[in-house]
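*Asks:* Now for the letters of each chain:
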Amino acid sequence: MSDRPQIKDFDWTLLAIVAAINLLGLLEIYSSTHASAMSGMHWKQLIWLGVGVVVMFIMSQIDYHTLLDQAPILYIAGVAGLLVVAVIGYSRLGAKRWISLGGGFNLQVSELIKLIIIIVLARYFSEVRTDKLTLTDICKVSVLTLIPVALILKQPDLGTAMVLVPVLLVGMFLAGIEWKHLAVGWY
Amino acid sequence: MGSWNINDQRIPQERLALVSYLSVGLVVLLMVGFWKLQVVQSGHFLDLAEKNRVRSIPIIAPRGPMLDREGRVLVDSYPSFSILLLRDDPKGLEKTLPQIEDGLGISDEDLRQELETAKFEPKFQPVVIKPAASQADIAFVESHRADLPLLELLMVQRRRYQNGEMLANTIGYVGEVSEQQMDDSDGHYRPGDIVGKAGLEREYNDQLEGTDGLRRVVVNSVGKVMRTLDNVEAVPGRPIQLTIDYDLQAIAEADMVNKTGAVVAMDAHTGEILAMVSRPTFDPNDFAVRIPKAEWQKLNGDKETPLLNRAIQAQLAPGSVFKIVMAAAMVDSKAIPESYGVFCPGHANFYGREFHCWRPQGHGEVELHKALVDSCDIFFYNVGKLLGIDKIAYYGSGLGLGKRTGVDLPSEESGLMPSEEWVQRVYHRKWYAGETISVAVGQGAVTVTPIQLARMAAGVASGGTLVQPHLLKGFLNAKTDHFPLSDEAVEQVTQGLFGVVNEPGGTGYHLRLQNIDFCGKSGTAQLMSYDASNRLGTKKMDGWFVGFAPRKNPDIVVAAIVQDTVEHGGEAAGPVVHDIVKMFYDKRTSKTQQQATTAAPAQPGSGGSVSSSLTPTRANAPLVAAVGGQRP
Numbered sequence: 001m002s003d004r005p006q007i008k009d010f011d012w013t014l015l016a017i018v019a020a021i022n023l024l025g026l027l028e029i030y031s032s033t034h035a036s037a038m039s040g041m042h043w044k045q046l047i048w049l050g051v052g053v054v055v056m057f058i059m060s061q062i063d064y065h066t067l068l069d070q071a072p073i074l075y076i077a078g079v080a081g082l083l084v085v086a087v088i089g090y091s092r093l094g095a096k097r098w099i100s101l102g103g104g105f106n107l108q109v110s111e112l113i114k115l116i117i118i119i120v121l122a123r124y125f126s127e128v129r130t131d132k133l134t135l136t137d138i139c140k141v142s143v144l145t146l147i148p149v150a151l152i153l154k155q156p157d158l159g160t161a162m163v164l165v166p167v168l169l170v171g172m173f174l175a176g177i178e179w180k181h182l183a184v185g186w187y
Numbered sequence: 188m189g190s191w192n193i194n195d196q197r198i199p200q201e202r203l204a205l206v207s208y209l210s211v212g213l214v215v216l217l218m219v220g221f222w223k224l225q226v227v228q229s230g231h232f233l234d235l236a237e238k239n240r241v242r243s244i245p246i247i248a249p250r251g252p253m254l255d256r257e258g259r260v261l262v263d264s265y266p267s268f269s270i271l272l273l274r275d276d277p278k279g280l281e282k283t284l285p286q287i288e289d290g291l292g293i294s295d296e297d298l299r300q301e302l303e304t305a306k307f308e309p310k311f312q313p314v315v316i317k318p319a320a321s322q323a324d325i326a327f328v329e330s331h332r333a334d335l336p337l338l339e340l341l342m343v344q345r346r347r348y349q350n351g352e353m354l355a356n357t358i359g360y361v362g363e364v365s366e367q368q369m370d371d372s373d374g375h376y377r378p379g380d381i382v383g384k385a386g387l388e389r390e391y392n393d394q395l396e397g398t399d400g401l402r403r404v405v406v407n408s409v410g411k412v413m414r415t416l417d418n419v420e421a422v423p424g425r426p427i428q429l430t431i432d433y434d435l436q437a438i439a440e441a442d443m444v445n446k447t448g449a450v451v452a453m454d455a456h457t458g459e460i461l462a463m464v465s466r467p468t469f470d471p472n473d474f475a476v477r478i479p480k481a482e483w484q485k486l487n488g489d490k491e492t493p494l495l496n497r498a499i500q501a502q503l504a505p506g507s508v509f510k511i512v513m514a515a516a517m518v519d520s521k522a523i524p525e526s527y528g529v530f531c532p533g534h535a536n537f538y539g540r541e542f543h544c545w546r547p548q549g550h551g552e553v554e555l556h557k558a559l560v561d562s563c564d565i566f567f568y569n570v571g572k573l574l575g576i577d578k579i580a581y582y583g584s585g586l587g588l589g590k591r592t593g594v595d596l597p598s599e600e601s602g603l604m605p606s607e608e609w610v611q612r613v614y615h616r617k618w619y620a621g622e623t624i625s626v627a628v629g630q631g632a633v634t635v636t637p638i639q640l641a642r643m644a645a646g647v648a649s650g651g652t653l654v655q656p657h658l659l660k661g662f663l664n665a666k667t668d669h670f671p672l673s674d675e676a677v678e679q680v681t682q683g684l685f686g687v688v689n690e691p692g693g694t695g696y697h698l699r700l701q702n703i704d705f706c707g708k709s710g711t712a713q714l715m716s717y718d719a720s721n722r723l724g725t726k727k728m729d730g731w732f733v734g735f736a737p738r739k740n741p742d743i744v745v746a747a748i749v750q751d752t753v754e755h756g757g758e759a760a761g762p763v764v765h766d767i768v769k770m771f772y773d774k775r776t777s778k779t780q781q782q783a784t785t786a787a788p789a790q791p792g793s794g795g796s797v798s799s800s801l802t803p804t805r806a807n808a809p810l811v812a813a814v815g816g817q818r819p
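So the protein sequences, as listed, match chains S and F. Per my numbering, the very first residue in the first sequence carries number 1; after that it's consecutive. Per my numbering, the very first residue in the second sequence carries number 188; after that it's consecutive.
FYI, nobody ran anything at the bench for these hints, they're computed from the structure. A portion of the hints provided could be inaccurate.
[Said to hold, decoys possible] Simulated restraints, written as ranges between beta carbons of each label pair:
id, chain 1, residue 1, chain 2, residue 2, range
1, F, 333, S, 59, 54 to 64 Å
2, S, 182, F, 418, 50 to 60 Å
3, F, 214, S, 181, 25 to 35 Å
4, S, 139, F, 214, 24 to 34 Å
5, F, 214, S, 6, 22 to 32 Å
6, S, 50, F, 214, 18 to 28 Å
7, S, 25, F, 412, 30 to 40 Å
8, F, 370, S, 181, 48 to 58 Å
[To be verified] Below are the DSS-like pairs computed for lysine-lysine, each with C-alpha atoms no more than 30 Å apart in a straight line:
id, chain 1, residue 1, chain 2, residue 2
9, F, 666, F, 578
10, S, 154, S, 140
11, S, 180, S, 132
12, S, 44, F, 306
13, S, 44, F, 223
14, F, 306, F, 282
15, F, 282, S, 44
16, F, 521, F, 572
17, F, 660, F, 774
18, F, 278, S, 44
19, F, 774, F, 666
20, F, 306, S, 96
21, S, 140, S, 180
22, F, 578, F, 521
23, F, 578, F, 617
Glycine included, every Cβ here is placed at the ideal spot set by N, Cα and C.
Just chain F, same shape as in the assembly (with noise of 0.2 Å):
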């Protein structure tokens, strides 16, 4: 080593020997400490480690009820209890998975599916093996308790909808959360956290969901909780009260059982939705345990779309029923004089193609009244010529269509009115004046939701007031839209839709009701070209009936759809917003009866109060029985 080291005999020996002795201190002063954890108290330390095992269980916090707008229970929440499989022990799970398999009922490739899912997870989480445990099932853990401590009970809430089918597309239903809604949570959901995944569950999940307890226990070598450390309550979510009335909910579901199509009834005053169906559905109930797999792909590849809400996401021709739009354009732009009038023989031509009347045979001299009520689609072929696509579109958009109405719910679709622009922006080409003719009576591009023609229908009836749609009661800053309209064009526009109901021959005459000011409007949208139905000899259309009351300033207006009929609007979809209609009327005239005999005897002067809860009138009880609802 020797010439190596001729710079090092510089360093001075003294303070060489100071740093050599601060390192050993520093050594010997680990040594003492791993000494003193791994050796002096190291009994004292496994004693904790294995005598008393702390052990976390979850309280899960139940997620608020829905209510009707009487508060009567639509969906609520009830305890259950899930397996858990504790994994902190891998040589002991693998020794007692077959008795435990044996014991639930549970195929052995599941239960090693799971704990494969589960691998990455920290040891310490156990992994629920089994959501929805029977009595046999809960009795087996308890009874096992010395031998299987791997085994732990967990008290769960479940999600009830108690109506099953009854309005699920608009409750929608909840879920494990999924991976990237954890990662967006910032740590606030931990796998296997039930959230809301579609519909109201969803838009609301924030207030319906609580904040899950924990209650953490010592428990000994055999799993018996020795002593509870600390036990945190868990907070259950809070409860919403929708604007849905179940009265009316029941009988929308009743007409529209074994149907495809959809149903929106509103106030038409404040927006508040009192019934919402879409058909076909599913039921959510389904979806409160762990769905299938199987059940899953049924539902989700249906083309009958189950899981759609078709009240605000299917996006349909308007037929006949744009021609409120086209009235109201017509009277209020005074674009044409009011006494215009056509002569239709059932046929015409236009840009040289023929257009035909839904009545072969024609309606002979029509003017705008006439129009409306027997629905011709001779005028309004005329009408929307000399209108022109840009002032339809400017009526249209202005009155809510092509546009989300801001309904409460996630997922609405926005549907569609062209407009030369649109056709510019989006196909690059120039509109062609034929495509105003199909426009003007709601087919062609232009594409619709039922929530947005009741909206509008209710809108055109108020004068251009335009209500935001909402579920939720008391739902803050509903916004408003004002589209103003000349008092002489909502007068002729709801006398027409008067007459349509009132009026013998009006498409809707067998839908009046005896003191009610029911107006509507029918409208049927062709699936198929007119040459094409003739050669098959089939029709397949859509139905519409938009119907309100009273004639001005409505209570209430319905939307009604009835998708793939052979009949026309009037009489496929006109009963639906009939009954609904007649519901709402005969259930105020009860209220006021009650009110008048309970509260007039005891207090003359006082008016009434208003707040006298309305129970179901024996009438009703009927109609809830049909749809196979269990009463709350």
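The shape of chain S in the complex, shown without the other chains (with noise of 0.2 Å):
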């Protein structure tokens, strides 16, 4: 494990990026809520930024190809999941959006889908040897991304939903999609 990164490999400009975005958000949680009945929203935020910090640093220390390896698995367990929530999935404010899962916990599988989908797309292109995306290649991907795009539009949750289309369209974009092929797609 010679090639595990140390401190000193760390990005530290993107880091400060990330940290900056996140104080920020951190300020408008505590400024909006303020004095009203979610006051105190800032301190919950502050502790799950630190169980992030954590993870981060947790995942920095793994291989990123063991993930890639396990792309369909943790795809088939997200689309499950997604399954999973629309039949026992319970509602709040209108959608079906959550599994719970005892103790106060609930889980939103849509957000996991969002990492999800970003591996399994990753593996996908990783593994196209030529500098052009088919026509078949970009019918499987877009296969295999609505799949759970339309699961998560059924909830109801356009927003999630649509956050994985950029994905989908830059991820073909850096792995070779010709221009009159996008332009097709655009129409």
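Quick one: dock chain against chain with the hints and give me the complex.
*Replies:* Put into structure tokens, the structure is as follows:
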């Protein structure tokens, strides 16, 4: 494990930008919930940020190729999770998005799907050996993405569903989609 | 990192650059927007937030008044002030609490309790800390505008029940909307809204309730109103006119003071309720402001049940009043010849059990007419035995006993008309023939409400036309049930009931009225078994009297019950019915006289305009004073 990244290898600039964005978010939450029924929510945000930093550090110690290897399993688990939400998930504010984990914790599967789709697409595109994406490739990745999109739209959660579309587009773009295909998709 | 990046090299660099620039562009766009809001225009927004706070002040709509049939006000609303505490500045709130508690005389505990209850409401919604502010309270708020900007006065409309306890159980009361009602109303109600909780206030809540208005004002940092943004006026609730006659109601109330029981007086043609009394009762004004917890518990826990409207909710044995049904069944069914007679020695044996007549020495030879006039139990035991329970139940139910009358009040009770089918369904056993004997004189399983008895008596005297009782003048779609009785049956029964009041020896002879065909039937229901009352030496009874006039197709019918009395129905409840019927005809006479004197000289041929409004006659005045009523 000699190639495990060391502290000095961290991308400090990127980390600083992430920290700045999070700080802004924290201030916004404090300011908009101040003197309301939701006051004190910024503490909750801070705690989860701390959890996030710990998870980030753990993840940095894992070779991401291991993750890519797990892509099919992750994908199947994610879609299965969405199906479970559709069946036994509970509704709040008119949308069925959560699975209750007990103890007051609720899992929103569609949040995990965002990450899973990125991993799945990365895996797929990394296996394309040419510089160009064929039409078959485009159809395959589109179907892979649109299945969770459809399930999330049914919840309904347009916002989360729409986040997956740019992920697909940017992925295809970088993987070498041809301009003419992109133009066809546009229309 | 080296070995991981083999595939990454495949990414066309120009495309990667394009995506990077696009991302940076988007973030810059967001940052610019953020900068503009938070830095460039911050002064402007701060100004808006601090100097010009917008306050929404609800304008409470008054509930509609309730009028009697002649337009006299029974219930109305009056404006008063509530003191609100604004909660949008928690720090300022905490600092000023002691001063507020001191100035308004509210305990620290109570005030904190109020704030605790409202904790999860949005902060911009103020809490009511004093629902009925006194002059001193108002002055305190006005004079501390500068140092206590968190206090606000709100004009509200309160319910005023002009006559206190009069008609209270029928009118009902109002109160703060419950959480259940709020959930069911689909956002129509907000916390603290006042709605009808019982009686007519609840039944006709939709008409009575107005639509609250809203005034949005801009206030400065010390709470002073700078200008009004908009003003949506409140729409007052609509008035409802009742069929109640204030004069009849007043005399009925006066007769029932300090008694337990109920009275229902009804226009026998239309079903319009003229008077409705339930005793003991309560003062609905106690509910108009927030009712103190102790007072509510006292009313609710009282074993005399003052909140119960006995006129429609008390399910009681009808006693001998039930003999009206028995007599009608006997003649109409032709199961027994009209000439049928028995000898009453004061007691008789049925199915091996001794049954008593109310008159221990007996009535001698008795046929139907005498049996009604003297209320002979032995005669009707025999009639009951010959008819059987199902025939009795057929006539009882047909005449509306054991069924809701459909009066326009919430929570009417149904009572019970037992039958073989009922005993099978509920108790899974056969009906015992001996039970029929008790039912024949209105004891045993049969129970009725006072309003059912009034409707039944009017129905029999009208040949089987059963009107739907109602309290709203102009009640639409009043349903009339028809249970046709033969002319012979109607004639025989009403002659008997006329005899009760107008023949010497009748149980209501002391109640007769000059020039009025006043008929009726007394009833006395035992609350204890014959043996038990003999053993204890006391007799607690329910005394009924149901009367109507005239004999055929009556104008008015009155049912009265006085409970827990030692007197028989004719003595206990009879005078109440007597007084109401007398007042009804006195008013009618004075009305025609007035019309004769006013209309006749001017337009002799017009036949008199009916619309001339009747002012209460002088003779009524003392009666009104007697119930402590405040004349509207």
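*Asks:* For each hint, tell me whether it holds in the structure or not.
*Replies:* Each hint tested on the structure:
no.: 1; hint: 333/F with 59/S: 54 to 64 Å; in the structure: 59 Å, holds
no.: 2; hint: 182/S with 418/F: 50 to 60 Å; in the structure: 57 Å, holds
no.: 3; hint: 214/F with 181/S: 25 to 35 Å; in the structure: 28 Å, holds
no.: 4; hint: 139/S with 214/F: 24 to 34 Å; in the structure: 33 Å, holds
no.: 5; hint: 214/F with 6/S: 22 to 32 Å; in the structure: 29 Å, holds
no.: 6; hint: 50/S with 214/F: 18 to 28 Å; in the structure: 25 Å, holds
no.: 7; hint: 25/S with 412/F: 30 to 40 Å; in the structure: 38 Å, holds
no.: 8; hint: 370/F with 181/S: 48 to 58 Å; in the structure: 54 Å, holds
no.: 9; hint: 666/F with 578/F; in the structure: 25 Å, holds
no.: 10; hint: 154/S with 140/S; in the structure: 22 Å, holds
no.: 11; hint: 180/S with 132/S; in the structure: 12 Å, holds
no.: 12; hint: 44/S with 306/F; in the structure: 20 Å, holds
no.: 13; hint: 44/S with 223/F; in the structure: 28 Å, holds
no.: 14; hint: 306/F with 282/F; in the structure: 18 Å, holds
no.: 15; hint: 282/F with 44/S; in the structure: 28 Å, holds
no.: 16; hint: 521/F with 572/F; in the structure: 15 Å, holds
no.: 17; hint: 660/F with 774/F; in the structure: 19 Å, holds
no.: 18; hint: 278/F with 44/S; in the structure: 22 Å, holds
no.: 19; hint: 774/F with 666/F; in the structure: 28 Å, holds
no.: 20; hint: 306/F with 96/S; in the structure: 28 Å, holds
no.: 21; hint: 140/S with 180/S; in the structure: 18 Å, holds
no.: 22; hint: 578/F with 521/F; in the structure: 11 Å, holds
no.: 23; hint: 578/F with 617/F; in the structure: 16 Å, holds
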